[in-house]
Structures are given as C-alpha cells and as structure tokens.
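Asker: Using the sequences and the accompanying hints, generate a full structural model.
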Amino acid sequence: MHIGDESGILTVSKLNQQVKMLLEAKFPFVWVKGEISNFRVPASGHFYFTLKDAKSQINAVFFRAQNRFLRFLPESGMQVICQARLSVYEPRGEYQIIVEVMEPLGVGELQLAFEALKRKLDAEGLFDPARKKILPLCPQNICLITSKSGAAIRDILKVLQRSPYPVTVTLFPVAVQGNEARIEIAQAIESANMLTWRHEWDVVIVGRGGGSLEDLWSFNEEIVARAISGSLIPVISAVGHEIDFTIADMAADLRLPTPTAAAEWVVKRLEQFHRELHGGRDRMVEVMKTRLENLGLRIQYLERRITHPKRRLESMRLTLDDRLERLRLAIERSLEKTRIRHAHLGQRLLYLNPEANILRCRAQLDRLCKEFALHHHRILDGYRLRFEHYSSRLEALSPLSVLLRGYSITYRAVDKKVIRSYTETGPGDRVLVHLANGLLECLVDKAQDVQTEKER
Amino acid sequence: MVKKKSDMFEETLKKLQELVEKLEKGDLPLEEAMECFSEGIRIAQFCHNKLEEAENKVQMLLKDQQGGWASAPFEVVNTNADEQGK
Chain A
331 MHIGDESGIL TVSKLNQQVK MLLEAKFPFV WVKGEISNFR VPASGHFYFT LKDAKSQINA
391 VFFRAQNRFL RFLPESGMQV ICQARLSVYE PRGEYQIIVE VMEPLGVGEL QLAFEALKRK
451 LDAEGLFDPA RKKILPLCPQ NICLITSKSG AAIRDILKVL QRSPYPVTVT LFPVAVQGNE
511 ARIEIAQAIE SANMLTWRHE WDVVIVGRGG GSLEDLWSFN EEIVARAISG SLIPVISAVG
571 HEIDFTIADM AADLRLPTPT AAAEWVVKRL EQFHRELHGG RDRMVEVMKT RLENLGLRIQ
631 YLERRITHPK RRLESMRLTL DDRLERLRLA IERSLEKTRI RHAHLGQRLL YLNPEANILR
691 CRAQLDRLCK EFALHHHRIL DGYRLRFEHY SSRLEALSPL SVLLRGYSIT YRAVDKKVIR
751 SYTETGPGDR VLVHLANGLL ECLVDKAQDV QTEKER
Chain B
1369 MVKKKSDMFE ETLKKLQELV EKLEKGDLPL EEAMECFSEG IRIAQFCHNK LEEAENKVQM
1429 LLKDQQGGWA SAPFEVVNTN ADEQGK
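Quick mapping for you: the protein sequence lines, in order, are chains A and B. Residues in the first sequence are numbered from 331 upward in steps of one, following the numbering used here. Residues in the second sequence are numbered from 1369 upward in steps of one, following the numbering used here.
Be careful, since some hints might not be right.
[Stated by the list, open to error] DEER-style ranges, computed between Cβ atoms:
1. A:358 x B:1433: 53 to 59 angstroms
2. A:461 x B:1402: 40 to 46 angstroms
3. B:1430 x A:403: 27 to 33 angstroms
4. B:1423 x A:629: 17 to 23 angstroms
5. A:358 x B:1424: 53 to 59 angstroms
6. B:1400 x A:604: 43 to 49 angstroms
7. B:1423 x A:374: 57 to 63 angstroms
8. B:1400 x A:525: 42 to 48 angstroms
9. B:1430 x A:367: 51 to 57 angstroms
10. B:1433 x A:462: 37 to 43 angstroms
11. A:619 x B:1418: 21 to 27 angstroms
12. B:1418 x A:403: 31 to 37 angstroms
13. B:1424 x A:458: 35 to 41 angstroms
Calculated directly from the structure, the hints in this document are not laboratory data. Glycine included, C-beta positions come from ideal geometry on N, C-alpha and C.
Answerer: Structural data, given as structure tokens:
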C-alpha cells in the first residue's frame, strides 16, 4: 500500500472520487438532446432512463422534485432536449446526467432561445429591481393590451365590474399569438405611452389567458420585453401560465399569474387607497373634534369662573356687613362677660371686707387685756401669800432657830466635819461647838455613848 | 412637465398622512391646527372628488385610415374561441 501511494497508484475509490470531481467541475451544466430509451419510474417517482443517439448513450436521472413540473409524460422513443448536470455515482463507477429541465425536441430549441435572451437582457440590467417603476396607488384608468376576444379581457372586466370602484378601461386590441403578436403588443405599449398625455393611464396591463408554451411565446420575445421595460407607464404583466416566468414577466414592473389576478390587484389597490384616504380624513376629523371639544369645555369652565364685578361688589358688601355684625356681637359678648366678672369680684370683695373682723378682734383684745390685768393681780397675791408661807416655814426649819432653842453643832476642828456620833472623835481631839450666837473651841476629854453613862 | 395624476394621488395621500400625524401630536397652536385641518379636508375632498369623477367605462382605441387613433365602445364579444387573437 505504501508502495502504491508513493508510486502514484490510486485506489478505485480515489479514482472515482477524482473522476467525479473532474467531471462535475468541467460540466456543471449542459444541454443535451437525444432519444429516451429504457424509461422507468420506480415508486420513488424519480425518472430513470437512457438518452441515446445513433452512436452513443448515457444514463439519466430526472428527480421527482424537478420532474413534477413537466407538462408531458416522457416515454421511450421520444426525442427530447435536457438541461442537466453531469455526475458520477461512485459506488458503481458509473457516470450519468441529472436532468433539471426537459422539453420535447423542437420546443427545447425555443427554451434554449429563451434562456439565451433571458441572460442577455439580464446582463443589460433590464430586470434590475431598481428599474421597476412605482406602481400607482390609485389605478383608476387602465390601459389594457390583450386580445379583444380572449379570456383575458372577459376575466378582467368581470372582476372590475363587480368592484364598487369606478374604473376606466381602454383596450388596445392586439393579437396575443401568431407571428404578428409580438409586434402588435410592442407597438401597443409604445402607442399607450404616446397617448397617455390625453388618457392619463395609471397602469398598463399586458397579458392573455393560459395556453401552451408556443401560444405564450410572444411574451418571451425581445421586442416585447424592451417595450415593457421602456414604458413610462408602469406595466403589469398578466400571462396565464403557472410554472415559468416569461421574459415579459421579468421585464414588467409587476408580474401576476393571470389576468384575473391583475384585475384583483387593481381592486385591492383601489380599496386600500380608499381606506387610507378615508381613514386619514376620519382620524383628522376625530383629532380635531376632540381638540375642539376640549377647548369648548375649557371655555365653558373658564366662563363659569368669570363673575360680574357688580356681583363681586355685592358679595363684598354682604361680607362686610356680616363681618361688622360679627364684630359687634363679639365686642358685646366680651363686655358682658367682663361686666359679670366685675360684679362677681365686687361681691367677693364685699364679703371679704376685714373691718368687722378688726372690730371683733379689738373687742377681744380689750377683754383679754382686762382679764389679764385681773389675773395678774390675783396671781401676784397668790405668789406673795405662798412666799410668806414658805418663808415662815423656812424660818422654822433654819438651824439657827434650833440653835436659839439651845442646841449646838459640833465639828471636828481638823476637817470641819459635823460630828454626829461619839465614835467620830476621841479624847484629845479639838472640836468646834457652834452655838446660836457664837463658837466654842473645845478639847475632848472623854467619848462614850449615852447608855454606858446611865449604866454607870 | 404636467404632473401625472398617479403622482398627484401619491403626494396627496402622503400629505394627508403628514397632516394627520401633525394633528395627532397635538402640540400645534390652534390656528395652525385649524389650517392643517382645513388643508387636510381640502385634499381629502379633492382626492375623493377625483375618485368620483372616474367613470365606469370600457373603450377600445383603434387606428383609423389616417393613422390617428379613434375610440370605440367595447362590447364583450361572447366567443368560445379562447385566445384566438384578432
């Protein structure tokens, strides 16, 4: 394996992978024509077949997601032209084409022309969204470019006549199929632009009812696309077909799938315009009404607050009177109160007069003075009597009076102590004998008690 | 260049919307608000009149012998032949 890698030998997977990358890069997109053979449709709904010519063949797949738009059922033996991608199915090492678009041969050439024109005009910027004209808000005046006997005009008029909005429709009758159709359609668009100064068309609707690819072919013509793109009036294309866009659709300012849809667009647009116009007006009226009502209310309120000066004077006069009256009443009440208080105090004063009291006190004082004097003498006399009594009694008790009656008092000379018993002295002691009228100094000779003496 | 009618409608509707928004802000002095209002009513009326003027008419323009264009009334041709062109 290492040798293989180094010497440039590939594995099968690697080879298939590189082939796949190479093929897919080289043929991202091809147109191929041939005869269908071995056509089969398994349950998946994908188409499997072989595309061949006299000399060669190739496997082909047409997946369900794409083949459901086909307008014919392919079968073996049918000559077709396919737009396809090239791809390799690696597990089996087979390569095949994956078909995106298929047309029966013949129509397929138209398709090629279509794609070529589409690319050319696209490159010129004819389909640039920036080039699209603004569609009218109020499409009232409509220029219609279609067949005068086709389904388109009938469908459009049916819708418009049912709507409540008046619309003027001007028809440029043209052929919408056949060799002359493309020229008639283009000229009608140019004529409409020339005549619009008089007719004031808001929008051009160009279209026709549904048909086969060939029937619709005029709408894939360059001259029509250029006329549409060159129109100063906005152009709506309304070609009845369901799958692909026509070149006219791409050049138009608005593409609608059918003439009926174009008419409905007009009605819807008018409806919206009416709604916006009336809505705007109603809102404005509402706002103004509210504002004026508010102002009215304010004026009323202010008016009510304004009063005539005379009425104010009256009111002031009344107020003044009222105040004066209240003042008078207040003063009177206050005076009355003071008067009552004064009388009350006078009485209390009278009641509290001290004169009587003074008189009474004085009388009592006098009486007390007299009583006092009386008592004073009596007490003095009493004291005097008691004094005399006591002094006479005192006199009677005086030792002097006892001495007078012959008694004497003996003292020890040493210590002047009264001698009450013979034991308190002895012979040889000096004693003092106090008499009533003099003093004797004596010497004790003998000291003995009285009983002893008697016994002797 | 004469102003196209469709442009006129466009401008008118825009103007009306501006006036409504101005009024709704409510900070305009009354005089100005009244002016705004009458202007708004005027253009709304104008648009309305224009709309009323429109008529329900279907006509066909055909080229005559001299190469001029002549209008002709159009009646729906009741044909079963779908898309037969002229």
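Asker: A range of 43 to 49 angstroms was offered for this pair. Does it hold for the Cβ distance of residue 1400 of chain B and residue 604 of chain A?
Answerer: For residue 604 of chain A against residue 1400 of chain B, whose Cβ atoms are near 28 angstroms apart, the range 43 to 49 angstroms is violated.
Asker: Return holds or violated for the Cβ distance of residue 1400 of chain B and residue 525 of chain A against the range 42 to 48 angstroms.
Answerer: Since residue 1400 of chain B and residue 525 of chain A have Cβ atoms about 44 angstroms apart, the given range 42 to 48 angstroms holds.
Asker: Between the beta carbons of residue 358 of chain A and residue 1424 of chain B, is the distance compatible with 53 to 59 angstroms?
Answerer: holds, 55 angstroms
Asker: Does the beta carbon distance between residue 1423 of chain B and residue 629 of chain A stay inside 17 to 23 angstroms, or does it fall outside?
Answerer: Since the Cβ atoms of residue 1423 of chain B and residue 629 of chain A sit about 47 angstroms apart, the hinted range of 17 to 23 angstroms is violated.
Asker: Could you see if the CB distance from residue 461 of chain A to residue 1402 of chain B stays within 40 to 46 angstroms?
Answerer: holds, 44 angstroms
Asker: Residue 1433 of chain B and residue 462 of chain A, beta-carbon distance inside 37 to 43 angstroms?
Answerer: Given about 38 angstroms between the Cβ atoms, the range holds.
Asker: In this structure, is the beta-carbon distance linking residue 1418 of chain B and residue 403 of chain A contained in 31 to 37 angstroms?
Answerer: Roughly 54 angstroms apart at Cβ, these two residues miss the hinted range, so it is violated.
Asker: For the hint 35 to 41 angstroms, verify it against the beta carbon of residue 1424 of chain B and that of residue 458 of chain A.
Answerer: holds, 37 angstroms
Asker: Could you say whether the range 53 to 59 angstroms given as a hint is met by the Cβ separation of residue 358 of chain A and residue 1433 of chain B?
Answerer: holds, 57 angstroms
Asker: Between residue 1430 of chain B and residue 367 of chain A, does the C-beta distance stay in 51 to 57 angstroms?
Answerer: holds, 54 angstroms
Asker: Starting from the range 27 to 33 angstroms, see whether the pair residue 1430 of chain B and residue 403 of chain A falls in it by beta-carbon distance.
Answerer: violated, 44 angstroms
Asker: With 57 to 63 angstroms as the target window, see if residue 1423 of chain B and residue 374 of chain A comply at their CB atoms.
Answerer: holds, 59 angstroms
Figure legend: structure checked against the earlier numbered hints; hints not met, in rising order: 3, 4, 6, 12.
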